[in-house]
Amino acid sequence: MIYEVFRQERKGQAFAHAGSVEAPNEEFAEAYAREQYGRRGESTALWVVPRESVHEIDDFADELQKNYHRVDGYPLKEKLGRARELAAKSPDELSAGAG
Amino acid sequence: MTTRVEKVLEIADDELILGWRNSEWTGIAPLLEEDVAFSSIAQNEIGHARALYEHAARELGTTADELAFDRQPEEYRHSRLVELRLVPDWAATIARHYLYETADEERIGALKKSDDPELAGLAAKIDREEAYHRMHAQMWFDRLREEPRFAAALEELRPLAETRGEHTPEFVELWEEMTSVRRSLAGATW
Chain A
236 MIYEVFRQER KGQAFAHAGS VEAPNEEFAE AYAREQYGRR GESTALWVVP
286 RESVHEIDDF ADELQKNYHR VDGYPLKEKL GRARELAAKS PDELSAGAG
Chain B
677 MTTRVEKVLE IADDELILGW RNSEWTGIAP LLEEDVAFSS IAQNEIGHAR
727 ALYEHAAREL GTTADELAFD RQPEEYRHSR LVELRLVPDW AATIARHYLY
777 ETADEERIGA LKKSDDPELA GLAAKIDREE AYHRMHAQMW FDRLREEPRF
827 AAALEELRPL AETRGEHTPE FVELWEEMTS VRRSLAGATW
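Residue numbers (the numbering used here), protein chains in the order written: chain A, 236 to 334; chain B, 677 to 866.
Derived by calculation from the structure, the hints in this document are not laboratory data. Treat each hint with caution, since some may be false.
[What the hints assert, rightly or not] One-sided excerpt, in silico: chain A residues whose CB lies under 10 Å from chain B:
id: 1; residue: Glu257
id: 2; residue: Glu262
id: 3; residue: Phe263
id: 4; residue: Ala266
id: 5; residue: Tyr267
id: 6; residue: Ala268
id: 7; residue: Arg269
id: 8; residue: His304
[Said to hold, decoys possible] Covered stretches of chain B (in silico footprint by chain A; criterion: 3 or more residues with CB under 8 Å from a CB of chain A, positions within the stretch not fixed):
id: 9; stretch: 698–710
id: 10; stretch: 768–782
[As the list claims (entries may be wrong)] If you want the ones that stay clear, here's a sample from chain B, every Cβ over 10 Å from chain A, calculated:
id: 11; residue: Thr679
id: 12; residue: Ser716
id: 13; residue: Leu830
Idealized CB from N, CA, C, for every residue including glycine.
Pulled out of the complex, with its shape left as it was, chain B reads as follows (with noise of 0.2 Å):
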């Protein structure tokens, strides 16, 4: 597997765990504008795991499915900050999804310049839809930044951003969730 794919799948992987946890605010979130607006963050993350575990799929010979929901716990590669389980704690969650944000941005910069245009451009897209994930972050964080909660959530969490490798039992059962249909139902496809 050359070092791209890996870095694709890695953001993949993120962007996956990230909006099943996002979507467990659904139903639930503090208030119903915020329960809409947060579970189109997380629909829209899951798109972006979807086009770029095609994208991975073309050049292993595999296809989306087989990457998002045939692999095992430990070969995931997505960070450990997305993997904890947050809920009900919605400071934590925001300071996450702040964190998170602004680590991707830098990171799908960088893919936007990919020499592989078709990389690129998929970057490009994701870019687009990011930009309101932005400005959603970055009016949470506005709003929460003087509330100790707040503080202390960005300050545990942000280490966590680039520890990858290792997965918590968390996680394990969140793969548990995921690919139960998958793995129930032979050919259920994404």
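One chain only, chain A, in its complex shape (with noise of 0.2 Å):
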């Protein structure tokens, strides 16, 4: 059986995923967990789940892009930069700019 293990690195923190460890049961699979993960100190906590527990996902559809559904779908970065670069000029470079 594999059991994947998640690690927390510190209190309050996320769990990420830190690999897994093949073993006959659980009580086998959290001893070596418990080595292979937590023996250094590396870890506040571990979770400790059979493979088949977890359920993967990974077809998103987004046939038409609707790419304002996405974080990055708005370039603020860009438009900061023009804001930026249009508040360092003068106003008689910017009356000029518009003749």
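Two chains, two separate frames, one set of hints: put the complex together.
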């Protein structure tokens, strides 16, 4: 049996996938996870989960490319950059530009 | 030498020799995860030996290295159980591990009640690590208990836990290996 191991580095932090261990049952899996991912004080807690209990989803439909749904839909960085450039210019330059 | 120091040395020798024997599985244990776990247990045992030798060395006015590596084979006080070379017999190795941890729990428990507060504190520290060794031994025991080879090994090894004194030629070989650096390189330390 394969068990997936998740590791929390500091209290309050999110658990992140650390790796997996092969073990005949839960008890062995816990012991092996402890040895491989916890014995050097690198974790405050571990989650040990049978691999088949992890449901993977990897199909995300986005047929119409609705990029406004995504966090990168609005390139704020570029807009901010332009605003800063504008702010740095003197009023004369601005009006000259407008003329 | 007081009885108390003798007892500390006896435990230190058991832990050192068992640590060496268990480390013979490093790289060849039945599965990779077990390799890591069993090697880690072996390392812990040697760590316990070191702490106990340091304690005894303070009382005897010597050093941990001298106690661990400069004595003659016949001066070691460990039991017959720990000195046997059991590779490649995993069932026998687990039988020894289980017998040792069971006996050790009692001994360390008594040491925790020592009237020497330093020794009692050290025993408590060791016991907190041994708790994981016991868990490991117990889970293997539960897994192999129906296995005839395992049952036979348990019966065969059981009386050796308290057999002390005379050592086997197997131990003399281990001693040669264990002390070779120290004997060939003056001043080599742990």
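Status of the hints after comparison with the structure:
At a threshold of 10 Å, the smallest CB-CB gap from A:Glu257 to chain B is about 6 Å, leaving the interface hint in force. A distance limit of 10 Å between C-beta atoms decides the matter here; for A:Glu262 the minimum to chain B is near 5 Å, and the interface restraint holds. Restraint check, A:Phe263 versus chain B: the minimum CB separation of about 6 Å is within 10 Å; hint holds. Hint status for A:Ala266 relative to chain B: holds, with the closest Cβ pair at about 6 Å, below 10 Å.
With its C-beta approaching chain B no nearer than about 4 Å, A:Tyr267 sits inside the 10 Å limit, and its interface hint holds. The beta carbon of A:Ala268 comes within 9 Å of a beta carbon in chain B, closer than 10 Å, and the hint placing it at the interface holds. With its C-beta approaching chain B no nearer than about 7 Å, A:Arg269 sits inside the 10 Å limit, and its interface hint holds. Taken as an interface hint, A:His304 does not check out: its beta carbon lies about 42 Å from the nearest beta carbon of chain B, beyond 10 Å.
Coverage of a stretch by a chain is defined here by at least three residues with a beta carbon nearer than 8 Å to that chain's beta carbons; for the stretch 698–710 of chain B and chain A the count is 4, and the condition holds. Under a criterion of three residues with beta carbons nearer than 8 Å to beta carbons of chain A, the stated coverage of the stretch 768–782 of chain B fails, only 0 such residues being counted. Once the 10 Å rule is applied to beta carbons, B:Thr679 is consistent with being away from chain A; the minimum gap is 35 Å. Chain A draws B:Ser716 into its interface by the beta-carbon criterion, the shortest separation being 5 Å against a cut-off of 10 Å.
No beta-carbon of chain A is positioned within 10 Å of the beta-carbon of B:Leu830; the least distance is around 20 Å.
The structure shown violates the earlier hints numbered 8, 10, 12.
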